[in-house]
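From first to last, the protein sequence lines stand for chains A and B. Per numbering that gives the first Met the number 0, the first sequence starts with residue 0, numbered consecutively. Per numbering that gives the first Met the number 0, the second sequence starts with residue 0, numbered consecutively.
A portion of the hints provided could be inaccurate.
[As the list claims (entries may be wrong)] Have a look at the derived ranges for each label pair, beta carbon to beta carbon:
{"hint": "1", "chain 1": "A", "residue 1": "L66", "chain 2": "B", "residue 2": "D39", "range": "18 to 24 Å"}
{"hint": "2", "chain 1": "A", "residue 1": "P23", "chain 2": "B", "residue 2": "P34", "range": "44 to 50 Å"}
{"hint": "3", "chain 1": "A", "residue 1": "V30", "chain 2": "B", "residue 2": "H1", "range": "32 to 38 Å"}
{"hint": "4", "chain 1": "A", "residue 1": "R128", "chain 2": "B", "residue 2": "V20", "range": "25 to 31 Å"}
{"hint": "5", "chain 1": "B", "residue 1": "C22", "chain 2": "A", "residue 2": "L34", "range": "58 to 64 Å"}
{"hint": "6", "chain 1": "A", "residue 1": "F70", "chain 2": "B", "residue 2": "L43", "range": "36 to 42 Å"}
{"hint": "7", "chain 1": "B", "residue 1": "P34", "chain 2": "A", "residue 2": "T127", "range": "28 to 34 Å"}
{"hint": "8", "chain 1": "A", "residue 1": "G53", "chain 2": "B", "residue 2": "R92", "range": "45 to 51 Å"}
{"hint": "9", "chain 1": "A", "residue 1": "G27", "chain 2": "B", "residue 2": "M0", "range": "27 to 33 Å"}
{"hint": "10", "chain 1": "B", "residue 1": "V53", "chain 2": "A", "residue 2": "L20", "range": "31 to 37 Å"}
{"hint": "11", "chain 1": "A", "residue 1": "F70", "chain 2": "B", "residue 2": "V42", "range": "15 to 21 Å"}
{"hint": "12", "chain 1": "A", "residue 1": "L51", "chain 2": "B", "residue 2": "V20", "range": "25 to 31 Å"}
[Said to hold, decoys possible] Anything over 12 Å on all C-beta distances counts as not near chain B; from chain A, calculated:
{"hint": "13", "residue": "T13"}
{"hint": "14", "residue": "V16"}
{"hint": "15", "residue": "W17"}
{"hint": "16", "residue": "R18"}
{"hint": "17", "residue": "I21"}
{"hint": "18", "residue": "F36"}
{"hint": "19", "residue": "W41"}
{"hint": "20", "residue": "D44"}
{"hint": "21", "residue": "W45"}
{"hint": "22", "residue": "L56"}
{"hint": "23", "residue": "A59"}
{"hint": "24", "residue": "L66"}
{"hint": "25", "residue": "W75"}
{"hint": "26", "residue": "T78"}
{"hint": "27", "residue": "L133"}
Because the hints were derived from the structure by calculation, they are not lab data. Glycine included, every Cβ here is placed at the ideal spot set by N, Cα and C.
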Amino acid sequence: METGGPAPQGTQATAPVWRFLITPRWLGWHVLMVLSFWGMLWLGDWQLHRALAGNGLSWAYTFEWPLFAGFAVVFWAKTIRDEFRIRRGGGEVPEDAEAVSVAQSLPAGLGTAQVQQPADDADDAELTRYNAYLARLNEEVKGTHGKRHGFR
Amino acid sequence: MHAVVLRYRVMAYITGVVLIVLCFVGIPLQIAGHPTFANDVGVLHGILYIIYLVCAWQLSRKLALTNGQTVILLLAGTVPIMTFIVERWATRRFINPAIAAAPSAEPVSR
């Protein structure tokens, strides 16, 4: 299905992958990131002036805020890169981890309107993992010795 | 996976305790006219929180959390008590299921 524009990546993409970046949700996050970045730099600058005016503790904050701003940029870049990998790699395009778990919690017969389902082998891998998860939950609840298994 | 979870948990508890000490011991002392304690503990919390950020970030990537969930995890170290509440939430909601799905190997998930 051609939706216009090149779709050189993936076998399942019906639109260029990067389009997710301009969905309202992600745009909101972009805005928040930009505001946070400049906000943190401003805070660092504020602390710098306080430090220069004599507040010793402010020196720590003067360096901490730009560091946080840097973290935010790195984290944001990695998040976006991960999202690209997820969308290109599996072909499955869950909006978030919650959508994935919701999709997995539907009984096998339902929820077949999964337009963006990956190829069969990936499908089986998901199913296998989910079945393993169910099996372990079952074991956990009705374990042979009746005790809850703790953190393994 | 276990290493990432353990690092996060350790940092969450340490940061949480230090923050509680800072807020419930340091601030009253500061108000009472002895600010040095709060200043020192504050610097300590600052350093610990940076380490917590990195550990929480790594965990969020491992569990493939949404942006919103990641933000909650990262900001948990800034509010007293929140660290523990968020750690319990993350454990029940994400960590345990992830470990149940692949207890003996790295989860093949995102």
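How the hints compare with the structure:
1. A:L66 with B:D39: 18 to 24 Å: 20 Å, holds
2. A:P23 with B:P34: 44 to 50 Å: 46 Å, holds
3. A:V30 with B:H1: 32 to 38 Å: 37 Å, holds
4. A:R128 with B:V20: 25 to 31 Å: Given a distance of about 42 Å, which is not inside 25 to 31 Å, the answer is violated.
5. B:C22 with A:L34: 58 to 64 Å: With Cβ atoms ~27 Å apart, the hint is violated.
6. A:F70 with B:L43: 36 to 42 Å: 19 Å, violated
7. B:P34 with A:T127: 28 to 34 Å: Since the Cβ atoms of P34 of chain B and T127 of chain A sit about 59 Å apart, the hinted range of 28 to 34 Å is violated.
8. A:G53 with B:R92: 45 to 51 Å: 46 Å, holds
9. A:G27 with B:M0: 27 to 33 Å: Hint holds: Cβ distance 30 Å, inside 27 to 33 Å.
10. B:V53 with A:L20: 31 to 37 Å: Violated: the Cβ-Cβ distance is about 25 Å, outside 31 to 37 Å.
11. A:F70 with B:V42: 15 to 21 Å: The hint (15 to 21 Å, Cβ to Cβ) holds, given that F70 of chain A and V42 of chain B are roughly 18 Å apart.
12. A:L51 with B:V20: 25 to 31 Å: 29 Å, holds
13. T13: Correct as stated: the minimum Cβ-Cβ distance to chain B is 20 Å, above 12 Å.
14. V16: Since the minimum Cβ distance to chain B is about 15 Å, V16 of chain A lies beyond 12 Å and the statement holds.
15. W17: Holds, because the least Cβ-Cβ distance between W17 of chain A and chain B comes to about 17 Å, which exceeds 12 Å.
16. R18: R18 of chain A clear of chain B: closest Cβ-Cβ about 17 Å, beyond 12 Å.
17. I21: The claim stands: I21 of chain A keeps its Cβ more than 12 Å from every Cβ of chain B (closest is about 15 Å).
18. F36: 14 Å, holds
19. W41: Holds, because the least Cβ-Cβ distance between W41 of chain A and chain B comes to about 18 Å, which exceeds 12 Å.
20. D44: 18 Å, holds
21. W45: Check passes; 16 Å lies beyond 12 Å.
22. L56: Per Cβ check, L56 of chain A is inside 12 Å of chain B; nearest 5 Å; violated.
23. A59: Per Cβ check, A59 of chain A is inside 12 Å of chain B; nearest 5 Å; violated.
24. L66: Non-interface label fails for L66 of chain A: nearest chain B Cβ at 7 Å, not farther than 12 Å.
25. W75: 9 Å, violated
26. T78: Incorrect as stated: the minimum Cβ-Cβ distance to chain B is 7 Å, not above 12 Å.
27. L133: 9 Å, violated
Hint compliance for this structure: hints 4, 5, 6, 7, 10, 22, 23, 24, 25, 26, 27 are broken, all remaining hints hold.
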